[in-house]
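**Student:** This is what each chain is made of:
There are 2 protein chains.
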Amino acid sequence: MQNSPGIAALALSLLIATLGPAAAAAARRAQPPPATDEQIAVQLRDTALAGQNVAMDWVSELTTRFGPRPAGSDNERQAAEWAAARLKELGFSNVHIESFPLTAWVRGVESAQIVAPVAQPLVVAALGESPPTPAGGVEGDVVIYPTFADLKAAPSGSLPGKIAFVAARTVRTQDGAGYGAAVEARSDGPAEAAKRGAIAFVLRSVGTDSNRLAHTGTTSYVDGRVAIPAFALAAPDADQIERLAALGGKVRIRLSSSASYVRDAHSQNVVADVPGRVHPDEIVLLGAHLDSWDQGTGAIDDGTGTAIITAAAKLILDVPERVPRRTVRVVLFGSEEVAQPVAPFGAFGGHSYADNHKAELARHALAGESDFGTDRVYSVALPVGVVKGDFAATVQRVLQPIGVLPAREPARHAGTDVAPTIEAGVPAFALLQDGSQYFDIHHTANDTLDKVDREQLDQNVAAWAALVWLAADGEVDFRSKAPGP
Amino acid sequence: MQNSPGIAALALSLLIATLGPAAAAAARRAQPPPATDEQIAVQLRDTALAGQNVAMDWVSELTTRFGPRPAGSDNERQAAEWAAARLKELGFSNVHIESFPLTAWVRGVESAQIVAPVAQPLVVAALGESPPTPAGGVEGDVVIYPTFADLKAAPSGSLPGKIAFVAARTVRTQDGAGYGAAVEARSDGPAEAAKRGAIAFVLRSVGTDSNRLAHTGTTSYVDGRVAIPAFALAAPDADQIERLAALGGKVRIRLSSSASYVRDAHSQNVVADVPGRVHPDEIVLLGAHLDSWDQGTGAIDDGTGTAIITAAAKLILDVPERVPRRTVRVVLFGSEEVAQPVAPFGAFGGHSYADNHKAELARHALAGESDFGTDRVYSVALPVGVVKGDFAATVQRVLQPIGVLPAREPARHAGTDVAPTIEAGVPAFALLQDGSQYFDIHHTANDTLDKVDREQLDQNVAAWAALVWLAADGEVDFRSKAPGP
Numbered sequence: 001m002q003n004s005p006g007i008a009a010l011a012l013s014l015l016i017a018t019l020g021p022a023a024a025a026a027a028r029r030a031q032p033p034p035a036t037d038e039q040i041a042v043q044l045r046d047t048a049l050a051g052q053n054v055a056m057d058w059v060s061e062l063t064t065r066f067g068p069r070p071a072g073s074d075n076e077r078q079a080a081e082w083a084a085a086r087l088k089e090l091g092f093s094n095v096h097i098e099s100f101p102l103t104a105w106v107r108g109v110e111s112a113q114i115v116a117p118v119a120q121p122l123v124v125a126a127l128g129e130s131p132p133t134p135a136g137g138v139e140g141d142v143v144i145y146p147t148f149a150d151l152k153a154a155p156s157g158s159l160p161g162k163i164a165f166v167a168a169r170t171v172r173t174q175d176g177a178g179y180g181a182a183v184e185a186r187s188d189g190p191a192e193a194a195k196r197g198a199i200a201f202v203l204r205s206v207g208t209d210s211n212r213l214a215h216t217g218t219t220s221y222v223d224g225r226v227a228i229p230a231f232a233l234a235a236p237d238a239d240q241i242e243r244l245a246a247l248g249g250k251v252r253i254r255l256s257s258s259a260s261y262v263r264d265a266h267s268q269n270v271v272a273d274v275p276g277r278v279h280p281d282e283i284v285l286l287g288a289h290l291d292s293w294d295q296g297t298g299a300i301d302d303g304t305g306t307a308i309i310t311a312a313a314k315l316i317l318d319v320p321e322r323v324p325r326r327t328v329r330v331v332l333f334g335s336e337e338v339a340q341p342v343a344p345f346g347a348f349g350g351h352s353y354a355d356n357h358k359a360e361l362a363r364h365a366l367a368g369e370s371d372f373g374t375d376r377v378y379s380v381a382l383p384v385g386v387v388k389g390d391f392a393a394t395v396q397r398v399l400q401p402i403g404v405l406p407a408r409e410p411a412r413h414a415g416t417d418v419a420p421t422i423e424a425g426v427p428a429f430a431l432l433q434d435g436s437q438y439f440d441i442h443h444t445a446n447d448t449l450d451k452v453d454r455e456q457l458d459q460n461v462a463a464w465a466a467l468v469w470l471a472a473d474g475e476v477d478f479r480s481k482a483p484g485p
Numbered sequence: 001m002q003n004s005p006g007i008a009a010l011a012l013s014l015l016i017a018t019l020g021p022a023a024a025a026a027a028r029r030a031q032p033p034p035a036t037d038e039q040i041a042v043q044l045r046d047t048a049l050a051g052q053n054v055a056m057d058w059v060s061e062l063t064t065r066f067g068p069r070p071a072g073s074d075n076e077r078q079a080a081e082w083a084a085a086r087l088k089e090l091g092f093s094n095v096h097i098e099s100f101p102l103t104a105w106v107r108g109v110e111s112a113q114i115v116a117p118v119a120q121p122l123v124v125a126a127l128g129e130s131p132p133t134p135a136g137g138v139e140g141d142v143v144i145y146p147t148f149a150d151l152k153a154a155p156s157g158s159l160p161g162k163i164a165f166v167a168a169r170t171v172r173t174q175d176g177a178g179y180g181a182a183v184e185a186r187s188d189g190p191a192e193a194a195k196r197g198a199i200a201f202v203l204r205s206v207g208t209d210s211n212r213l214a215h216t217g218t219t220s221y222v223d224g225r226v227a228i229p230a231f232a233l234a235a236p237d238a239d240q241i242e243r244l245a246a247l248g249g250k251v252r253i254r255l256s257s258s259a260s261y262v263r264d265a266h267s268q269n270v271v272a273d274v275p276g277r278v279h280p281d282e283i284v285l286l287g288a289h290l291d292s293w294d295q296g297t298g299a300i301d302d303g304t305g306t307a308i309i310t311a312a313a314k315l316i317l318d319v320p321e322r323v324p325r326r327t328v329r330v331v332l333f334g335s336e337e338v339a340q341p342v343a344p345f346g347a348f349g350g351h352s353y354a355d356n357h358k359a360e361l362a363r364h365a366l367a368g369e370s371d372f373g374t375d376r377v378y379s380v381a382l383p384v385g386v387v388k389g390d391f392a393a394t395v396q397r398v399l400q401p402i403g404v405l406p407a408r409e410p411a412r413h414a415g416t417d418v419a420p421t422i423e424a425g426v427p428a429f430a431l432l433q434d435g436s437q438y439f440d441i442h443h444t445a446n447d448t449l450d451k452v453d454r455e456q457l458d459q460n461v462a463a464w465a466a467l468v469w470l471a472a473d474g475e476v477d478f479r480s481k482a483p484g485p
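In order, the protein sequence lines correspond to chains A and B. Residue numbers are given in the numbering used here: position 369 of the first sequence equals residue 369, and the series is strictly consecutive. Residue numbers are given in the numbering used here: position 350 of the second sequence equals residue 350, and the series is strictly consecutive.
Same shape as in the complex, but just chain A:
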């Protein structure tokens, strides 16, 4: 920590009192200039990197106290109340909870078995929002489609009484492109299978691991609902069905789920500010989500995101030299995981925030989100107007030493929660994390605190604190579409 301006001013007063005005003027000339934004950014970066930040404690306490935090659950609400109290304790301003209604989906008891040729248990997870099976389950012969395109190419009415199985694998990539390519089957598979008469839909988990843990995730409503029961198979179980089919003969399975819906549930966003000293109405928005899937404890999705942005904002709040010109706002969103286009089915925190703060959005300077686990940030994407020029050059000088390179493309998206805000015209930034391992754990019971690497977490906080400081204490217009000098 450097000396604060307050102490320097006090020393100067003492000098005037002691030595008289002429000596004081000389001393004033000798006083070092105020720290530059870049100097403070470097100092924030290095403080975070040294582990002097609240991220690890935050994610540990959040996931330990409240465990899974599915949208609309008591655990999610209790976590939000805890978060608001903790943000107040940390010294944030304007801390409050914004509640919104939704229809909550609740996993029931679920099971699956191969029933022929030889009885074997299967590991499955019902997909979020998918309806229960009848009591006793549904049973049918499996029809295997190597890809989702193969299922979509199947004739209408070709699957009466059958269970459609999309066996496509998720490609491991650093940037999450593998997930993007695979997830369409999860979102749209039940509707496509139902159209062809299937009684249920299963897919190989959208994930890159080979654990006996299925990756859940939401599936899309069509006409206000998911048409048929839908499940993800753990990767080894998908392998098993494919190998059994290759040995010859039909594979018959039974699927059971007692999932249910709670139509009068609520979720909530938690808002907390570091008010700007010059332009308090210009907001740099930092988002992450407090809800999680129900199988794990939401450590990497998205406990660490909430920890990273909170820890970064807290470091900025504690900068001894000055608070930033603009307001830094932390929003811990609710109900990210079940986002659906039509409220109140899966209404989500991102829409609620953009609706509640519609009048302020024109003054939002910038928005970003941390929702990609806890692996290292390797790239920074900035709004198109600032990808060249002084701001980008400063960012590069501060972040490249911790392994963060300029992105190849300007930021256009930043995350699901802030998407409605960005669609309303707020410029986006993104600190891109290495997702090579993320989809080993994502949306599974394995999403627990032990998967969080402390050094990686600190590097994330370092990148966020430094970049957000530069954006908030500067006066750069991120909305400018003009290329920089």
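Think of the hints as simulated: they come from the structure by calculation, not from any bench. Honestly, I wouldn't trust all of these hints.
[Claimed, not checked] Capping the alpha-carbon separation at 30 angstroms, the derived lysine-lysine pairs in DSBU-like fashion look like this:
no.	chain 1	residue 1	chain 2	residue 2
1	B	Lys250	B	Lys152
2	A	Lys195	A	Lys162
3	A	Lys88	B	Lys195
4	B	Lys152	B	Lys195
5	A	Lys388	A	Lys481
6	B	Lys88	A	Lys250
Dock chain B against chain A, hints included.
**Tutor:** Below, chain B without anything else, positioned relative to chain A:
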């Protein structure tokens, strides 16, 4: 493959017919000497290493067709019938099934939750042989013991209405010593907790991973039963309870299991021979077990063991030059996992074999077992009488090139299944595998075929085929206690 002796003899006959006796005698003198044991061992090793062996197909088909094969189950019996049929197809002699009675333990529906301070699900597995809870489960405050010694030091009557939790971690080691040190809590924990009035017993899984998958395993009978319901917690769930307790206040959990016993069940051993050409009554016994825990498909425990010994024996059966002097016997044991001292509770295949073959054991030359997964063999342990001398030197020349060093100690044990045979005086050998990763998967749902590495499997078959050939085609007396020359 080299030319067979049959083809060489045919060529010699043709020479005699064509050139007359004098030229034939010259040709006979020029004929190469028969292959030495060491040459054939090298050839077996390299054939196996090149992937020309049945191990991968065996373990793939076994685990795919029959899935989990718990002791006394239909799946175990069907797997044994399949194995016997396949061993006959492969050309083995004396293939038969030896059945024996046991009381089978059957996992039911099980669940666990933290009920206070905040409701959270827990991942558990009932320990094998442990009794069910009452319907609705048992609920109590958790008392945490950092080690099993701490529980044993607790006063009698100190745990009324409580749930005892032993939180000790399993140390990762190459040789399995970490498992040995941790497993006592699993075996004896329920009895020690019950003595002190506990209503249930839980322990951190005996395992080295951090997946949300609990490691089951059998627990010991005292007076013919396990006293109280007993469960293993997945490692992250054990962490969670410890962290919650550290945050202050009581942690209360509920445990439920509908496990049951089947008192008129049967298991079975499958026996198959490569009959010796000189001493058919001298048996080199190769053991592994066909049964598995019920959560996975028993790929590494012990599908690969059965595959390794079957593939090694099949290579020996197919040696073109000659069959070995002694009989090579493959025994695929049943009911290894629930071994208990008192039959018929958890009677097991190892006892059944030693009983059924009591009269033959004095002529068993040597016995070994493959039951430690599929990682590479790194060491070979021989009976005390042959750890020095020509046999050991030959073994070293053949196995060191594939990474197998002489063990520091002579072999005294070889595995659970062959233990009764070895206790009856049969000398043991052991091909020691790297167990550093084994306890990540052991006794969990993750024990599936995808965890099997083909190259490691082939190296195991290579070591087994070469060593067993040297033992079976030689005339070394492995019972000799005299140190070698």
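**Student:** Hint by hint, note whether the structure agrees.
**Tutor:** These are the hints, each one checked on the structure:
1. Annotation: proposed proximity of lysine 250 of chain B to lysine 152 of chain B holds, straight-line Cα distance about 22 angstroms (limit 30 angstroms).
2. Distance check on the hinted pair: lysine 195 of chain A and lysine 162 of chain A sit about 12 angstroms apart at the alpha-carbon level, within 30 angstroms; holds.
3. In summary, the hint linking lysine 88 of chain A to lysine 195 of chain B is not supported, as the alpha carbons are separated by about 49 angstroms, beyond the 30 angstroms threshold.
4. Proposed proximity of lysine 152 of chain B and lysine 195 of chain B is supported: the alpha carbons are some 10 angstroms apart, at most 30 angstroms.
5. Note on lysine 388 of chain A and lysine 481 of chain A: the hinted pairing holds, with a Cα-Cα distance of about 11 angstroms set against a maximum of 30 angstroms.
6. Restraint check for lysine 88 of chain B and lysine 250 of chain A: satisfied, since their Cα atoms lie roughly 27 angstroms apart, inside the 30 angstroms limit.
The structure does not agree with numbered hint 3 stated previously, though it agrees with all others.
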